[in-house]
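A.B. asks: Sequence:
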Amino acid sequence: MARIANTPKVELRGVKKRFGQKVVLDGLDLTIEAGQSLVVIGGSGTGKSVMIKCVLGILRPDAGTILVDGKDVTRLHGRNRDAMLRKFGMLFQGAALFDSMSVWENVAFGLIQGRGMRRRKAKDIAIEKLAKVGLGPEVGQLSPAELSGGMQKRVGLARAIAADPEIIFFDEPTTGLDPIMADVINNLIVDTVKGTGTTALSITHDMVSARKIADRIAMLYKGKI
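Under the working numbering, the first residue of the sequence shown is numbered 1, with each subsequent residue one higher.
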């Protein structure tokens, strides 16, 4: 079913999550419109990563509703859940690359494993996406261990956009980078989101990054926005 006009791309309503006695999300309400880049800021341990994991379905909220294109992702199973997950791309905090694979295989991982794409076609797409983040085809043959931290982040971004997702999640995209490389990554994120019309949800404690990549900034504090 197509997304109804004016339906938010992502919407969290009254989302709650606790671990034992610790309340992490306490009735969280959040709306992201299609094509918008929203950055959620907050200190360490405020629940930013938990929020993203709930949207991705990695964690199940204790209460509340999480809607993507008007569908409650917490109630999806099997093929319906797989179809929803194909809308998502993710840039992990530490790039999270597989050392046992070449760079291009990392970028193409979801295409080959998740979609059953032939390796030759997947490699062509991987090289194309690497070019979009400023890396030449020769980088595709390298091991992630041969790359600097900034280059690993670029590869992680190429992997995030490999399947042309509708929504990309950025988890602390500039953590561990020097200011110059952080600015390069920020510019790549802006170019990627604006150039493709993708919806983006980023979490960070870096206000410089937040101001650069956000259309809108929200603060998560005591489990609420």
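No lab work stands behind these hints, which were simulated from the structure alone. Everything numeric in this text was worked out from a predicted model, so none of it was measured. From the three backbone atoms N, C-alpha and C, an ideal C-beta is built for every residue, glycine too. Just to be clear, a hint being listed does not mean it is correct.
Straight-line alpha carbon distances no greater than 25 Å define the calculated DSS-like cross-link-like pairs of lysine-lysine that follow [stated by the list, open to error]:
| # | residue 1 | residue 2 |
| --- | --- | --- |
| 1 | Lys22 | Lys222 |
| 2 | Lys87 | Lys53 |
| 3 | Lys71 | Lys224 |
| 4 | Lys222 | Lys194 |
| 5 | Lys132 | Lys16 |
| 6 | Lys71 | Lys87 |
| 7 | Lys71 | Lys121 |
| 8 | Lys71 | Lys212 |
| 9 | Lys16 | Lys212 |
| 10 | Lys194 | Lys212 |
| 11 | Lys22 | Lys224 |
| 12 | Lys22 | Lys87 |
| 13 | Lys16 | Lys71 |
| 14 | Lys22 | Lys71 |
| 15 | Lys121 | Lys132 |
| 16 | Lys212 | Lys53 |
| 17 | Lys132 | Lys71 |
Cβ-Cβ distance ranges computed for the label pairs, FRET-style [unchecked claim]:
| # | residue 1 | residue 2 | range |
| --- | --- | --- | --- |
| 18 | Leu142 | Ile112 | 17 to 23 Å |
| 19 | Arg216 | Ser143 | 36 to 42 Å |
| 20 | Tyr221 | Gln113 | 23 to 29 Å |
| 21 | Lys121 | Thr74 | 29 to 35 Å |
| 22 | Glu146 | Ile180 | 18 to 24 Å |
| 23 | Thr31 | Glu146 | 27 to 33 Å |
A.B. asks: Just pull the numbers of the violated hints for me, sorted ascending.
C.D. replies: Those not satisfied are hints 4, 5, 7, 8, 9, 12, 14, 17, 20, 23.
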